[in-house]
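Input sequences plus hints: build the corresponding full structure.
Protein chains in written order, with my numbering: chain A, 1 to 300; chain B, 1001 to 1276; chain C, 2001 to 2254.
Heads up, some of the hints might be wrong.
Claimed, not checked - Cβ-Cβ distance ranges computed for the label pairs, FRET-style: (1) C:Q2236 to B:R1136: 45 to 55 Å; (2) C:R2074 to A:G206: 16 to 26 Å; (3) B:E1198 to C:R2074: 51 to 61 Å.
I should point out that these hints are in silico values taken from the structure, not numbers from a laboratory. All residues carry an ideal CB built from backbone N, CA and C; glycine is no exception.
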Amino acid sequence: MSTIDWLIDDAPSSRLQARAGRLYRLSRMLLRNPLAVVGIVIVTALVLVAIFAPLIATASPTEQDLANRLLAPGADHWMGTDELGRDIWSRVVFGARITLMIVAIVAVISAPVGLVVGAVAGYYGGWVDRILMGLTDVFLSLPRLVLALAFVAALGPGIENAVIAIAITTWPSYARIARAETLTFRNAEFISAMRLQGASAVRVIGTGILPLCTSSMIIRVTLDMAGIILTAAGLGFIGLGAQPPLPEWGAMISRGRAFILDQWWVATMPGLAIVVVSLGFCFLGDGLRDVLDPKHGDKA
Amino acid sequence: MKPILEVENLRVSFPAPRGRVEVVKGINFSLGAERLGIVGESGSGKSMTGRSILRLIQRPGRVTADRLQFEEVDILSASDRQMRAVRGARISMVMQDPKFSLNPVITIGDQIAEGLVAHRRLPRAQVKEKTLEMLRAVRIADPEKVVKLYPHQVSGGMGQRVMIAMMLIPEPTLLIADEPTSALDVSVQAQVLDIIDELIRRNNMGLILISHDLLLVSAYCDRILVMRNGEVVDECAARDLAASTHPYTRGLLAAMPHLNETRDELPMLDRRSQAT
Amino acid sequence: MNILEISDLNVSYGTSQVVHDVSFSVKEGEIFALCGESGSGKSTILRAIAGLATEWTGAISVLGRARERGLSARFASECQMVFQDPYASLHPRKTIDATLSEPLRIHRVAGNHGDRIEEVLDSVGLDRRFRFRFPHQLSGGQRQRVAIARALMLQPRLLLLDEPTSALDVSVQAEVLNLLKKLRREQGLTYVMVTHSMPVISFLCDRLAVMRHGRVVETADVEQLKADRMTDPYSQELVALSRGRPDQKSEKTQ
Ligand SMILES: Nc1ncnc2c1ncn2[C@@H]1O[C@H](COP(=O)(O)OP(=O)(O)OP(=O)(O)O)[C@@H](O)[C@H]1O
Ligand SMILES: Nc1ncnc2c1ncn2[C@@H]1O[C@H](COP(=O)(O)OP(=O)(O)OP(=O)(O)O)[C@@H](O)[C@H]1O
Ligand SMILES: [Mg+2]
Ligand SMILES: [Mg+2]
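Quick look at the structure:
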């Protein structure tokens, strides 16, 4: 029996096979969507560039070379150099690491927090719900960038604080989604059946409700990645995010602003990177929605 | 009699790991102002047939037919806008599984009201009045209380009746009822079916009643199609159902328990021949 | 011995009381049917026994022990419930295997879970190749059998069945009814079953209670039902309607 046959077997004979089969079917569907493929390529490229940054960069991202200030893009410097003579291509490449790190940490912190807060609020209802959702609404009522600004101002500028601030500002929208999803399931008979078997509330939420919220959460987080990148860049741009000489894309644009008319590449190149990566996450998120969201596609 | 609905060679298929599988395999019928029953075992494609008439089969599924004509509308080539005008207003469908079709986070009253105002503009007081009236029409005892309940708070049978009430709002030309009364006790079931029946006679409507209850279908329809595995295997006038000689129909009839049951075990159909 | 005893049970949801002064008892090994008007509180009684509806007064005792309100792990292994709708009672993202092993994990049952799962699948007549499928890959009847299998995992003595066959076609209904009969024979189970179908009661059950407007109007033996000797006018009406339906058509199609 070939691997494909094993994967698409109608009657899998082990947990592993069932899971692998599902993954295979989902990825097949994802690959059939051209935009999603573009998204996958961009995001994979981002990850590869971040991992192999030292190999891909042509120069050090921080080493200054004042003799070669503000050179236009060319054979030596693919994206030109900035006002301190640093190679912009290398800075963009190393910047990928920072961007990826921000995105990953924010996702790792805020998605689970939002998921748990929302599921708990939705499952228990009553005053638990009112308190948790009241808190959530306070956060949601302020624009994200403003809130992040306030936190960074309080915590002090720096990339770590920027990440924390962004994470604090993103979880509430996840909590909202998780709560809305939970409300539609919490009276379902399969949840009653779990409770009847003696499952504790922790188990019901953890193994009964959360798995049903994760797919909309994955979609939402992926779509939000673009926003997170932009917020991080925004903080960098106004000097509250990554501090020099770190090659953070937002901070790079901010420095390049002074030369935008004569040396356009200084601000444009990192800007291009932000646009491409944001778009990549959006495409991927859209594709995932088609595949994972039961309301849109297959329920598998 | 001019037919309301004509179906020729209707096929519905879904993609499967090894090529597409047909779940409805070329069925034909035409329907005037009459009551057509579709029976058959679970998975035989009854619901898919009903849904394809409303073009409700979503993407990976595919519907083809040589002819699928509802009055002057060619359903397969109609635009989405035309279909929206047909759906609900001229063809209504009572879906199987009411709790799944009702929105779990909106009250019953609001859902019915939404259906009402989608059809014509009504002042608010009238909407409320009409909503209560609809619920009373399907024999819901305490409509003032029920409008404030969420779908999980009503009993199985009440959910079904709410669905029926919503489908009767627009007074359609064709009503497709998919297992409309499986969760109702015999007494309410008879009342609800009588209401549907009366409406159909009065307005000269067509009815497609999908059910697995052979007695019910034979009592409330004129003509019956028996489906198996996506094909129509037997077709007869309702009053002749009990006398049908087709082995599959006989098998279904035999599998039903009787009021004076003496058998120790019910005969089951041989399902091995069927794809799983 | 009475495995289930209910006396003067009143159940409400919030301010509205839906079950009034219900009393009945069920002997070990018996199949007891609850039938009657839609919305009369049949499911609610089952939910109160199971512990899913907690606002009740009166007395419920199961296996000689008074039932406290709410759910408890020990009770779970004595009494289980099968829900009305096989489409809504299985977790859509869990394989049959995960659904069936859940109760074993909750109760930290020792031994090989895989063996037990296959044993129970066998006893409900499901092929082993269904074990790693997802619910959407099963037909209604197969799902209902999974739900029954799940209820059997902890080897309860009492099963509460809420319209176990109303969503199923006649051939699958025959399958499930035969299965329930077989399980009672082999494992000595007791069932309390909600159903609308008088013929099903006649085939499977020993006794029945007819409900209307939240009250039990009559408790009878199945022999009484078969011989048409029910005493309450409402139960007589139900029986007459179940009997009369086939004839109804002749008068309707004139
Ligand atoms: N999304 C889908 N993908 C693949 N197969 C499907 C899908 N939806 C339905 N089917 C298959 O189509 C067949 C016919 O389904 P249908 O719902 O019409 O059955 P039915 O006759 O209404 O049965 P029941 O009495 O159980 O409602 C079934 O075998 C089912 O497995
Ligand atoms: N969670 C709830 N909150 C408020 N009222 C409820 C709730 N669940 C059920 N009810 C009400 O209790 C009454 C009895 O419902 P129940 O589900 O027990 O009826 P049933 O006898 O099972 O009917 P059916 O045969 O239609 O399923 C109904 O009037 C219903 O509206
Ligand atoms: Mg169906
Ligand atoms: Mg019920």
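Structure-based check of each hint:
no., hint, verdict
1, C:Q2236 to B:R1136: 45 to 55 Å, "violated (26 Å)"
2, C:R2074 to A:G206: 16 to 26 Å, "holds (22 Å)"
3, B:E1198 to C:R2074: 51 to 61 Å, "holds (54 Å)"
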